[in-house]
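Novice: Each chain, letter by letter, is given below.
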Amino acid sequence: MSTTVSRPDTGGGPPPRAGRRLPLKSVLVWTAVAVVGAVCWGVLAIARGETISALWLLFAALCSYAIAYRFYSRFITYRVLRADDARATPAERLQNGVDFDVTDRRVLFGHHFAAIAGAGPLVGPVLAAQMGYLPGTIWIVVGVIFAGAVQDLVVMFFSMRRNGKSLGQMIREEIGVVGGVAALIAVFAIMIIILAVLALIVVNALAESPWGVFSIGLTIPIALFMGVYLRRLRPGRVLEATGIGVALLLLAIVAGGWIEDTALGDTLTLSREWLVLALVVYGFVASVLPVWLLLTPRDYLSTFMKIGVIVLLAISLVIARPVLQADAVSDFAVAGTGPVFAGSLFPFVFITIACGALSGFHALISSGTTPKMVAKESQVRLIGYGGMLMESFVAISALIAAVVIDQGLYFAMNSPAGATGGTVESAATYVQGLGFDTTAQDLAAASAAVQEDTLISRTGGAPALAVGLAQVFSQAFGGGGQAFWYHFAIMFEALFILTAVDAGTRVGRFMLQDTIGNVWKKFGDLSWRPGNVIASAVVVGLWGSVLYIGVTDPLGGVNQLFPLFGIANQLLAAIALTLCTVLLVKHGKLRYAWVPGIPLVWDLVVTMTASWQKVFSGDPRVGYFTQAGVYRDARDAGEVLAPAADEGQMDQIVFNSTLNGVLQAVFALLTLVVVVHAAVVIAKAIRNRGLPTTEEPAVPSRLVEPAGLFATPEEKRAIAEHERLVGAGAGRSEAEEK
Amino acid sequence: MTATAAVARAWRGVRWYLKEFTGEARWDDYLAHCAEHGHQPVSRREFERRRADALERNPVSRCC
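Just so you know, the protein sequences line up as chains W and Y, in that order. If you're matching positions, the first sequence starts at 1 in the working numbering and goes up one per residue. If you're matching positions, the second sequence starts at 1001 in the working numbering and goes up one per residue.
The hints are simulated quantities; they were obtained by calculation from the structure and are not laboratory data. Treat the hints with caution; some may be incorrect.
Claimed, not checked - List of simulated lysine-lysine pairs, DSS-like, C-alpha gap at most 25 Å: (1) W:K25 with W:K716; (2) W:K522 with Y:K1019; (3) Y:K1019 with W:K589; (4) W:K684 with W:K589.
All chains should be built: construct the whole structure from the sequences, respecting the hints.
Specialist: Pasting the structure below:
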């Protein structure tokens, strides 16, 4: 890869190769990649009704990522943003060893990836598989290349040029106070919804599953032990502690199988309502305890599991070469009558798959934390764009896991209990009605294979993904062990989600304390105990109530809330992309405004159509208010409509649907407030051919670091020469020593 | 480069990465820094405690 190293004295600028012709070897390699990618896409497009290997999907995606990274991200980094390695980054200028800290690009890539990727890219694609494998695949790949990775990269770059300011701060300063306040409320509300939906997925995965509850429950004492180990026994030996933690974790999964049929197993067979209570208490305690005791060690565990599982999954897909069972495009895509989530392909595939294609939440991490640690400006390409491509790859793998399992089983698992009836017999009748020849025996055998009492209506995506992963892993490594792999998958999904929930609760608490601190100074003091407790209780109370509403919703919490989650996440992306567009125009780069502008317009069309349908659609399956109306009328006429079982549930549906509709409308309006304000700023900036921004002035850099993942020969020479001149640096990055 | 040298180099690379990734390497950096400036380093326990307490105010965000 041709990248550049700018020495402090040369003034830097765009890469020297720009305008020069590519060497023949590069031309040949990239042509080959393009041909392989095109063949894979071609096979997917043409093949119908035959057995198709999942590897075509995998390689179509990988080749597309490679080309996008090599050409498009390079264009954005050097041509559009004009990343300049002669300019010192905030990490270099403001180094304090705490939040501003020059970090090796490969290490920061790992940190950033661990921060952005969690359960989201694993769950969304599984749900979207009801539309067939092709719509999801195309959106994940095209979406990440032109929208998601662009958002992450551009936000990271602009935040880096502003000393790592947060998304909310940048919006307030660059768009205006009203836009800033709207964005702040939107971010907070969206975070609450995201936490609630993530927690809902855990609840659905652990309900009535003593094995799962036991293994996940044990992660808490394991994390506490690691915390004490790192604080008191052997301070700082993170690798040791994590090694012990991972070993104990695997033991906890195996041990879950031993206790399943014992009295302890019966005690741990918890209903959804009890799990909600357990999660709420856990979230509150985790937010109030010191981080070293629970959060930090848990985060180490979760991160290592995350990376381990992803590598394992990639390897086993290649070994197992599973065959796709789903149709390329299912009937539900057009009819919009799917049981997993309602609505037609457009716009609902594009909001069901948020993480992995375009996730607004990433903008919160790409601004703030990561940009304060970037060593060289050009490295945002690897960390921002590359990190997001990696998440997209996780999403493709999850999609594959969902479409290689028997599709009758897939629908029996992911349809709400109101549809399947809850037993294997009624579920078999139901999926046969959908056109699958899965029998009650097949469904019973599937749950027996993973040693769960039932798999019927285990909605939320996590159990279906776990079944898919168990199948792929046991195919790849032989020896059966489906039950172990199933609970292994449930365990790591729950682990990611709980890590996101406790970290999210804490971030939410800080946001709340910070905001209220503007009017009541004492409350903003983060070390004031009562403030911590009150703010934690408020945040936990908010997501806990949404979670409870979802768990008890007769229409199925996932079915009802997942669209809200997806739309909320994508609306946040719209806000972030709006900021990117505004900044490009303010910097006088109107001719490149299309780079974030096109995904912005697409995202607005998708989210506003989806919001409109969720609010105004006359179809009671789609429109929240129509839904509430239908059930209200029936209730007033003294009827009980299925799936509600009694009058109380009728009331519940009316209340929930109205609440969801109101939230939906509020999110969309907040986004529109930001967009309209931004449009005014853009118009003004166009008239003035740019406007002043809050970008920090350039300071010459004294660091020499490679730009890409691997140092080029020129970069190695430049580093060697720099070290000779400065005489410092006993090889900070050993891996680069020659 | 012989095979053993390549393996040794890869092993060093992995170790280096893990130590950097987990932040364990910060202690080594600190010792080097103290040696360079002639400071008396604090105990490891004290050092790690300060690092952990800094995390208290800088929450790590985790996405979905």
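Novice: Hint by hint, note whether the structure agrees.
Specialist: Now the hints, each set against the structure:
no.	hint	in the structure
1	W:K25 with W:K716	holds, 21 Å
2	W:K522 with Y:K1019	violated, 39 Å
3	Y:K1019 with W:K589	violated, 41 Å
4	W:K684 with W:K589	holds, 14 Å
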